[in-house]
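Participant: Guided by the hints, dock chain B onto chain A, whose structure is given.
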Amino acid sequence: MRTKALIALLAAGALALAGCGSDSTGGSTSDPVKSVDTSTFEAGSTMAKLAAAGTIKIGTKFDQPGFGLKGLSGAPEGFDVDVAKIIAGAMGISADNIEWVETPSKVREEVIEQGKADMVVATYTINDKRKERISFAGPYYVAGQQLMVAADDNTITGPESLKDNPDVKVCSVVGSTPAENIKQYLANDSQLVTFDIYDKCASALRNKQVGVVTTDNVILLGFVAESDGGFKLVGDQFTDEPYGIGIEKGDTAFCEFINTTLKDNEEAYNQAWASTAGAVEGAAAATLPPADACA
Amino acid sequence: MDAVTENFDLFLSGYWTSLKICLIALIGSLVIGTIIAAFRVSPVAPLRWAGTTYVTMVRNAPLTVLLFFFAFGLPEIGIRGSYWLFGISALIIYTSAFVCEALRAGINSVSSGQAEAARAIGLPFVATLREVILPQAFRTSVPPLGSVLIAMFKNSAVLGAFGVGGDLFSVSETLTSARGYAATPVLVGVAVGYLLITLPAGAFLAFLERKTAILR
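Protein sequence lines correspond, in order, to chains A and B.
According to the numbering used here, the first sequence is numbered sequentially starting from 1.
According to the numbering used here, the second sequence is numbered sequentially starting from 296.
Keep in mind that a hint or two might mislead.
Said to hold, decoys possible - 20 Å max Cα-Cα, derived EDC-like pairs, lysine to aspartate or glutamate:
id, chain 1, residue 1, chain 2, residue 2
1, A, Lys131, B, Glu371
2, B, Lys315, A, Asp152
3, A, Lys106, B, Glu371
4, A, Lys106, B, Glu301
5, A, Lys57, A, Glu113
6, A, Lys106, A, Glu180
7, B, Lys449, A, Asp196
8, A, Lys70, A, Asp199
9, A, Lys263, A, Asp37
10, A, Lys183, B, Asp304
11, A, Lys249, A, Glu110
12, A, Lys129, B, Glu301
13, A, Lys57, A, Glu256
14, A, Lys129, B, Asp297
15, A, Lys131, B, Glu301
16, A, Lys208, B, Glu371
Keep in mind that the hints were calculated from the coordinates and are not lab data.
Bound conformation, chain A alone (with noise of 0.2 Å):
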């Protein structure tokens, strides 16, 4: 009998502790979200059927510091897992029962097309062609393009500067929207280098192979935290990225269910922005944009 009593005590204090872990991770997570009344949900809606089977599948970028980045505690951390929590929440779903699927860029629409996600909050700019595909709600966030450079640069103040200086040349991440973005600003297509992923175009920039790095300025800011004084942002943001949350085509009635969950929220919003990618120094208050018409 003692034993047993002794381990349903271990068990209880475990849970005790597990409790308190992920109360202080996230910063969303601990703020009540207002839980719409589930019953209201129309019968044979997305919202209803998440709701009845308690779980949802999220994708989101394991990656990307800021917004969603998976670390050593397994879930994925950042602003659009924040975000996707908050919707989730409005569900009566909580954090446990989110299954969390790894969605890089290049196969986000797939991800919804295939049902594998039921919605994707990846630092996904909002566009026609990505329309035909899918749907969106929102946007959630807007971010810009900007240039980084090294902290001794004053030879480019900006992306017209680009032009004029073509042995300067810029990194991005290979087929990402940036690197499109700024081929308009480039002397010639071999002042572009590109790479896979961000933190090769940030060693580069470090060890002078390349003069620029750009992308949305969140991600900059990033780099420029952990830079410690070595890289600068120069020039306005030349660029708006409306970050939306993909979902499947035509479903607008979550599309409308996001998008008031997320006005209704705008605390949690906002707690959201600032324990995660708002927390780098320089970087702006978030505020929540107006969402476009559901279509």
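Facilitator: For chain B alone, coordinates are given in the frame of chain A:
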């Protein structure tokens, strides 16, 4: 398949870039591979050791590690250059180790009587190799060399991740990620592109094999 037809010019430019990489690397690795093979069969012990060390080190390192060393290690110690040069050099050095071993197999298949006869008529080592041994060795080495070179063509896709832009595989990344095309048709297009390099190469090697066949 409209992903391929709509972007045919992009595919074509990727195909040419990949073909160019393959041809330069093909010539470079054959030349260096032959020199290293000569080292490994040379009568001078230090040359043999150098050749063996080269093959052991290069052949046992993954290609990506070599590429990392070139693209990020060399600039770190002050050697700068274009990523194009770094990428192709790494591919040549990596492939030449395999070329060397394929050639050495061919050299070893030439009976030692040939080398002895060459020496008996007063040919020095280099001439023995050039005039007597290598012409026979290359013939025997054609099938394994073919496999090595076809593997190199496919390895060239890795260069896209190390700053060598515009190759066939990078084109597919641009189409699927930035422009939102479905991955499957794009990748089928890429596969066809690589087949358009490797199949003619294979046919040429088969032709070469027939042409250089010797009766022993």
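Participant: Each hint should be assessed against the structure and marked as holding or not.
Facilitator: Verification of the supplied hints:
For the proposed pair lysine 131 of chain A and glutamate 371 of chain B, the alpha carbon gap of about 43 Å is over 20 Å, so the pair is violated. Distance check on the hinted pair: lysine 315 of chain B and aspartate 152 of chain A sit about 37 Å apart at the alpha-carbon level, beyond 20 Å; violated. Taking the CA atoms of lysine 106 of chain A and glutamate 371 of chain B, the gap is near 31 Å; set against the 20 Å cutoff, the hint is violated. Of the supplied pair hints, the one linking lysine 106 of chain A and glutamate 301 of chain B holds, its CA atoms being roughly 19 Å apart against a limit of 20 Å.
At roughly 13 Å between alpha-carbon atoms, lysine 57 of chain A and glutamate 113 of chain A fall within 20 Å of each other, so this suggested pair holds. Under the criterion of a C-alpha separation no larger than 20 Å, the hint pairing lysine 106 of chain A with glutamate 180 of chain A is consistent with the structure, at around 15 Å. Among the hinted pairs, lysine 449 of chain B with aspartate 196 of chain A is consistent with the structure: their alpha-carbon atoms are about 18 Å apart, no more than 20 Å. A C-alpha spacing of about 16 Å is found between lysine 70 of chain A and aspartate 199 of chain A, which places the hinted pair at or below 20 Å, so the restraint holds.
Among the hinted pairs, lysine 263 of chain A with aspartate 37 of chain A is consistent with the structure: their alpha-carbon atoms are about 16 Å apart, no more than 20 Å. Using a Cα cut-off of 20 Å, the hinted pair lysine 183 of chain A and aspartate 304 of chain B holds, with the two alpha carbons roughly 17 Å apart. The hinted pair formed by lysine 249 of chain A and glutamate 110 of chain A meets the criterion: a straight-line CA distance of about 12 Å does not exceed 20 Å. Distance check on the hinted pair: lysine 129 of chain A and glutamate 301 of chain B sit about 14 Å apart at the alpha-carbon level, within 20 Å; holds.
For the hint linking lysine 57 of chain A to glutamate 256 of chain A, the alpha-carbon distance of about 19 Å falls within 20 Å, and the restraint holds. With a C-alpha separation of about 14 Å, the suggested pairing of lysine 129 of chain A with aspartate 297 of chain B holds against the 20 Å cut-off. The straight-line distance between the Cα atoms of lysine 131 of chain A and glutamate 301 of chain B is roughly 18 Å, inside the 20 Å bound, and the hint therefore holds. Proposed proximity of lysine 208 of chain A and glutamate 371 of chain B is supported: the alpha carbons are some 9 Å apart, at most 20 Å.
The earlier numbered hints that this structure contradicts are 1, 2 and 3.
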